[in-house]
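Could you put together the complete structure from these sequences and hints?
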Amino acid sequence: MTASLEQLRRCHFAVDLGAARTRVYVKGAGLVVDQPSAAAVNTRTGALIAVGEFAEKMTGRTPDYIRVVRPVSGGTVVDIEMAQRMLRHLLGDKMRRALRRKPRLRAAACTPHDADPLAQRAAIETLVGLGARRVELVDTLIAAAVGCGLPVERAEATMIMVCGAAATQVAVLSLGSIVTAERIPVGGEAVDHAIVQHLRHEHELMLPSQSVRPLQLTLSGNGLTPQGPASTEIHGRDVATGLARSVQVDTAAVRDAIETPLTAVLDGIGRVLRNCPPDLVADLADRGIMMVGGSALLPGFDQMLRQATGMPVHIAERPDVCAAQGLGYMLEGRIEPLALDPLAT
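Numbering (the working numbering), first residue to last: -11 to 333.
Because the hints were derived from the structure by calculation, they are not lab data. No experiment lies behind these values; they were computed from the predicted model shown. We treat Cβ as the ideally placed atom computed from N, Cα and C, and that holds for glycine. Possibly wrong hints are sitting among the right ones.
[As the list claims (entries may be wrong)] Have a look at the derived ranges for each label pair, beta carbon to beta carbon: (1) Val66 with Arg225: 26 to 34 Å; (2) Gly16 with Leu231: 52 to 60 Å; (3) Ala143 with Pro91: 34 to 42 Å; (4) Arg32 with Arg294: 49 to 57 Å.
[Unchecked claim] In silico DMTMM-like links for lysine to aspartate or glutamate, alpha-carbon gap of 20 Å or less: (5) Lys90 with Glu113; (6) Lys15 with Asp81; (7) Lys15 with Glu320; (8) Lys45 with Glu177; (9) Lys90 with Glu(-6); (10) Lys90 with Glu320; (11) Lys82 with Asp22; (12) Lys15 with Glu(-6); (13) Lys45 with Asp22.
Spelled out as structure tokens, the structure:
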């Protein structure tokens, strides 16, 4: 259920609803929203207290009557009403009024590869609640490939790896379509969980909910490779006493802790290559893999893939916004379709 380029050019705005962040691209205005997919709700009154960055900062710091919810899980809308309320507040009154003035408002949305009909319906209902008269769905893999500048419309292979928070999607593209693809239910959240469990079992340390990503960022450069720093200091709460405590964490042990989820990603890449025609695999030996998505910035991840596959691995210039940017390019008409007209007989 992927829209054609002609249908997408008629759309007025596009939404990339991700498990970690929500992005909205408005035709003529560019990327107007790039915020965490989070909302804080007063459970006594049902009122929405905060959305986006502010709601994200409230995670784990709220009294009993305030709950931080995530209406999107794994790239799929799980709470349509809350997703609509979150989007309304993220867009703001001025932008919503501008969109409502459009005759027959049209929208586009990204959906994960092989999303089931219920997930597609949830994305459509969410945008219909914002006033869209028609909603076009685009595969996240296609949108991300367009956004990072891959020549997807040519008769040559390009391989893209979308590293999301809840899942990793890998595909080989040619002639503007997906030749073979795999959706691996392992993403940045699985890596975070592996690190949290390692610190709990080995150091008896509980981390605040927002500390794992900073831990990964402190291992900058080649942090998750043997060439990175030998150790780093982590602050948390002692499991037994409940008191604040700091420990020196061995980065080699962190690499071992996240080996299991990252190995699952490598297995998925192998399955995609095995199912791919040999001619396209030969193209990929030179062009390699393009990594997009927020988890592509995991320090040393690209180097690990390079060593495991023997292929060149590249990270997009702005990997976190490639899908939304690709939708924007399609809305603005910057992508020309490849004409495959039948030959005259």
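Hints versus structure:
With their beta carbons about 30 Å apart, valine 66 and arginine 225 fall inside the hinted range of 26 to 34 Å. Glycine 16 and leucine 231 have their C-beta atoms about 54 Å apart, which keeps the hinted 52 to 60 Å range intact. Taken as a hint, the range 34 to 42 Å holds for the pair alanine 143 and proline 91, whose Cβ atoms sit roughly 39 Å apart. Between arginine 32 and arginine 294 the C-beta distance comes to about 53 Å, which sits within the given range of 49 to 57 Å.
Our distance criterion of 20 Å between C-alpha atoms is met by lysine 90 and glutamate 113, whose separation comes to about 19 Å. For a cut-off of 20 Å, the pair hint linking lysine 15 to aspartate 81 stands: about 17 Å separates their Cα positions. Taking the CA atoms of lysine 15 and glutamate 320, the gap is near 6 Å; set against the 20 Å cutoff, the hint holds. Distance restraint check for lysine 45 and glutamate 177: the Cα-Cα separation of roughly 17 Å lies within the 20 Å cut-off, and the hinted pair is therefore satisfied.
Using a Cα cut-off of 20 Å, the hinted pair lysine 90 and glutamate -6 holds, with the two alpha carbons roughly 18 Å apart. Our distance criterion of 20 Å between C-alpha atoms is met by lysine 90 and glutamate 320, whose separation comes to about 16 Å. A distance of roughly 17 Å separates the Cα atoms of lysine 82 and aspartate 22; the hinted pair therefore holds under the 20 Å criterion. The hinted pair formed by lysine 15 and glutamate -6 meets the criterion: a straight-line CA distance of about 15 Å does not exceed 20 Å.
The straight-line distance between the Cα atoms of lysine 45 and aspartate 22 is roughly 15 Å, inside the 20 Å bound, and the hint therefore holds.
Violation of the numbered hints given earlier is absent; every hint is satisfied by the structure.
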